[in-house]
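*Asks:* With the hints as your guide, set chain B onto chain A.
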Amino acid sequence: MQISINWLKDYINLDGISVEQISATLTDIGLEVEAVQKSAAFGDTVVVGRIIDAVKHPNADTLRVCKVDVGKPEPLQIVCGAPNARIGIDACVALVGTSLPGDFKIKEAKIRGEESFGMMCSAKELGLSEGHDGIIELQTNYKPGTPVIKVLGLDDVTLTLNVTPNRADCLGHVGVARDLCARLGKPLKMPTAVVKSPNGSSKDIKVDINTDRCGRFTALAIKNIRPVKSPAWLKQRVEAVGMRSINLIVDVTNYVMLELNHPIHAYDERDVKGRHFIVREAKEGEVFTTLDNAERKLKSGDILICDAQRPIGLAGIMGGLNSEIKEDTTGLILEVAWFDPHSVRATSRRLGIHSEASHRFERGVDMKNADMVARRFAEVLQNCVTELNAAGGSLPTPEIAGDLVDNFPVKPQPRLIALRVSHAKNFLASPHLTSDQIKKMFESLQIKLVDQAQDRMVFDIPSWRIDIERECDLIEEIGRLQGYDKVPYELPKMSLEPTAEDSLVDFIESARTEMAARGLRETISFPFWSDDDAKRLRLPDGHPLVPSLKLANPIAEDQRWMHTTLACALIKAVQNNNRHGVKGARLFEMGRGYFDFNAKPLNRTAFSLFKSLDRKGRHLSLRAREEKNRPTERHWIAGIIDQPWVHKSWNTPEVPASFFQVKSLVLSWLKGFGVTDVQINRIEKDAVPFLHPGASAYVFAKGQVIGWLGELHPEVTLAYDLEPTKAPLLFELDLESVLDASSKRAKIQTESYKFPPSTRDLALLVDTDLSHDAMASAIAKFPQKRYLHEWRIFDVFQGANIPKGKKSVAWSFSFRSLEKTLTDQDVEGEFKNLTGYLTTTFKAEQR
Amino acid sequence: MSLLEKSEIVKKEFEGDRAKAVAEAKPEAVESLRLAYLGRKGKVTALMEDLRNVSKEDRPAAGKAVNAIRQAIEGSIDELKSQARSWELTAILNREPLDVTLPVGEGQQMGSIHPVSLMRQQLIKVFRSLGFTVVDGPEIDFDFFNFSALNIPDHHPARDMQDTFYVDTPEKMLLRTQTSNIQIHTMLNERPPLRIIAPGRVFRCDSDMTHTPMFHQIEGFVVDENITFAHLKGTVDTFLKAIFGSTLKTRLRPSFFPFVEPGAEFDVECGVCKGKGCRTCKDTGWIEIGGCGMIHPNVFEAVGYDSSRYSGFAFGFGIDRIAMNRFALPDLRQLFEGDYEFLGHFPLHSN
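Residue numbers (my numbering), protein chains in the order written: chain A, 1 to 847; chain B, 1001 to 1351.
Only chain A is shown next, with the shape it has when bound in the complex (with noise of 0.2 Å):
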């Protein structure tokens, strides 16, 4: 919202108080100022100066010496390269010490020889326009002197208001003058709307309102109007916030409506069809072409200002194409109404038009003050003719109709709101309030106080103030007048019982510091995907990471899915950083996967290793896990290596990041919280598609999938332009489960050995497909175990000397007592059954 301040002063008095003043005042009430903006890009040190004299400068042809007047006792001597610069003109001197738009200082100076004291200045130096067709030439005769910007209407400030959604009241001057009034302690200088040649009549116009979603229907005839250029000022006022200026019924229009806050139309009285208004709601599908000429088809619950034929108006959002006013028209009927604000939003809304007055319409105008409006109307017209044919027009008198139609159906009750004073006094630790001080402060605001009982005070709220509805509002207008730091500062006294804390926030954030300790950068993507991405990470249809939530309205139409994996925000952030040549980033990130799983239940049966998704995160409040049609957000952790591991340098080849390192990684990250009964197992085809099916795993704890790891699929790569042969690496936890597992935690081995272990080492040949983990939890059982402490694989190896199909796996074997420190004999046998054991087992044979 702008305001004027000149304008606010035809309501304020505000002699000596500063524009910073005002500004400050206003943002302390909460009519918070945004932007102050001058009108002029320069000061009062740009003055009127006539040429009294202008000859031909002695050494340039194009150049004029010229005496300028400039009210002072002497005349200037300005040099001027301007072809119009001649005797007898207004033109507007920049004097000595002026800056000027773009930094430009005028000086003394010395043009070609001839001294030169100021400058006079074209529209374009005085940033008034980009035309620059000579210097200005002043119209009217003001005094010599006199600052430019009084002339041109200049001098005046604007400032950039947030009027917030509750304050509809403050979308006027009126409006805002009257809150600094009250701030202020300054009588309100209302606007007066009487009309002073009473003539003509508006009684052959008929209103009927045929919904409730008009509460007020006001119609006033004038006769006698031409759609002329409007006096200076009215264009200035217009202007100075930010309309444009079209003809004399237009812009008082627009000033009535900026001045009283209440959108008026106009309507040609010739387009009026029996001079009938009907306001009815639209029919389903009724089509009607706004004054913008756009078609707007229609809903029911629109309403519709008609006449006895078809609708001439979208009511409290725009007037329509057939009824506005020409360069002919020469009656108008105007229209001053009250229309439902909730109708006016759903119809602006989905129309997509945001004119001024449904802004106006949809935060609430002022029921009661229609008829004052429309006359308003009348009395600016009226005086803007008397001035335009003062000052030489000839216009012919407006005829306007002394009296009024005035649909006004249900009168709103009068709205009463107690305020206990005492609860005021303690709600705002205000003790030293009064209720006298309270009763001053609502009649400055034009709230009558109409009871009084002890602690009691009730108001009567005028119509304009419908944000004040309760006890409460009323707290706010004592508190916002008296200022907020009249408040004290005071920390509030409670118990120390505390709110039961989920163990998750708090694991989130020790997640969020290991995994960075392991040595990723923690990255933030926005959780939207395209229509390809899910066919991009190769995920087939019924797939549980699917998306399934869509948006409505995407900022970006490949931004329409919200995703399920983090997985594609991390591959796009290392093709993005490839793009910009880094090469080898380790990335996490943490967020959210979401999840439709009422309209689409997750599939068990052909993902049996996904049954956890679906459930209603720890996240949510105990009551929202119960409520239906609730989506799933899942917690992920998720990181991206890219290649290399390690780049070449001084010391080390390049190393390539491969799927043991990210395991490592992973396996240690668990190890942090206690969950060191992990399995990593290979993932069944296409398990989780954009991994590499012969590279990727499923991270397995009490029996459970808490997360996957691998190889991007070097189809995926190529989908996001990586390069498939040095494919990334992803890994992908579920937070909750990962926090499930670690407060389960196994026992803890307390004793400690205190003998030295024997160690020694057996190398078999095996079958390539026999995995470590088999071997491993073979070992584990072997039922001769006595000493057998740790195992360990140190080699494996195929290839020279190895038949086909099958690999050597050497393997370490320690052997430890906590009774005494074992004798060779102790060691040598248990190592000979175990490697009867394990040759057995595996059908190897021993290397």
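No lab work stands behind these hints: they were computed from the structure. One thing to keep in mind: the hints can contain errors.
Said to hold, decoys possible - With beta-carbon atoms standing in for the labels, derived distance ranges: (1) E1341/B / P803/A: 48 to 56 Å; (2) Q37/A / H1155/B: 28 to 36 Å; (3) E723/A / E1341/B: 17 to 25 Å; (4) E1341/B / K486/A: 33 to 41 Å; (5) I246/A / H1155/B: 55 to 63 Å; (6) S18/A / E1171/B: 27 to 35 Å; (7) M1048/B / S649/A: 56 to 64 Å; (8) E1341/B / E284/A: 56 to 64 Å.
To be verified - Sample of chain A residues with no beta-carbon within 12 Å of chain B, all distances over it, derived: (9) D371; (10) T513; (11) W811.
Just so we're clear, the structure is a prediction, and the values are computed from it rather than from any experiment. Note that the Cβ used here is the ideal one computed from N, Cα and C, for glycine as well.
*Replies:* Below, chain B alone, put in the same frame as chain A:
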């Protein structure tokens, strides 16, 4: 040659070999010296074996002499061994000094935490110290929690304050536009007294230089009997000082959020110019941080709290902008571009 003569030769040879080993000054030389004389095929061992061939009568004298030599050599070698330890240390110490400025590979690199996360962790720390409990909640929610229970009915112009993403579901769900939905979730699930903060992601259908469709907020609220506007002021002032520094001024100015009344925006004095006015604060001397107010009785009534018994305040603000301010970041969108090098500038811990 008699054994005694042989012994004398061995003794002389040892002196020579010993001198060589000392000159070499290596532990290995001492060990080979030991083997050469005391080892299984060593010269002293050979002398000892020769003793068997000496006649009975000569044996005591010869044995004495050989033993003496053996002891002398053993002693000498022991001495050399301990000397060898110090030769070893000297060798270690005399290694070529390292070029300690050589770069280290990224094998052991440290990762980093996103600036927004760092900021959130710091905020959580501050609020926990004030006795607040951290609560999480859904990012996709029903209209009720995000709007209507917060006193923002359908078709209320206040909905224009936030451009909402709607989800294509039968029951009109949305991406929450504010963390305030947690007020409703918590109050429906718990009884006062409450001191809650709820950090989280929020979404608005808006994208330009200064807006991203997703950003981070933190919501806080306190509900109990006799909570006043002064408590709101005191709490806001306390946490702002804890975050921005205790020397900066704070202020509340009237504003409007449908779920609070009275409502306010809270500002902190500009840290760059200390309130004098500069480019950072657009010459106002203040940095806008967030919104707050006394919880509207309509909100209490929507969750079934007795609004005549309980009062409370709520506040909320964006984390991203504070993080940008804290780390002096020029471009909001940079936060969400996943630029590996940019992200590498941040530490692991906030303080």
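*Asks:* Run the structure past the numbered hints and jot down the numbers of the failing ones, going up.
*Replies:* Per hint list: 4, 5, 6, 10 violated.
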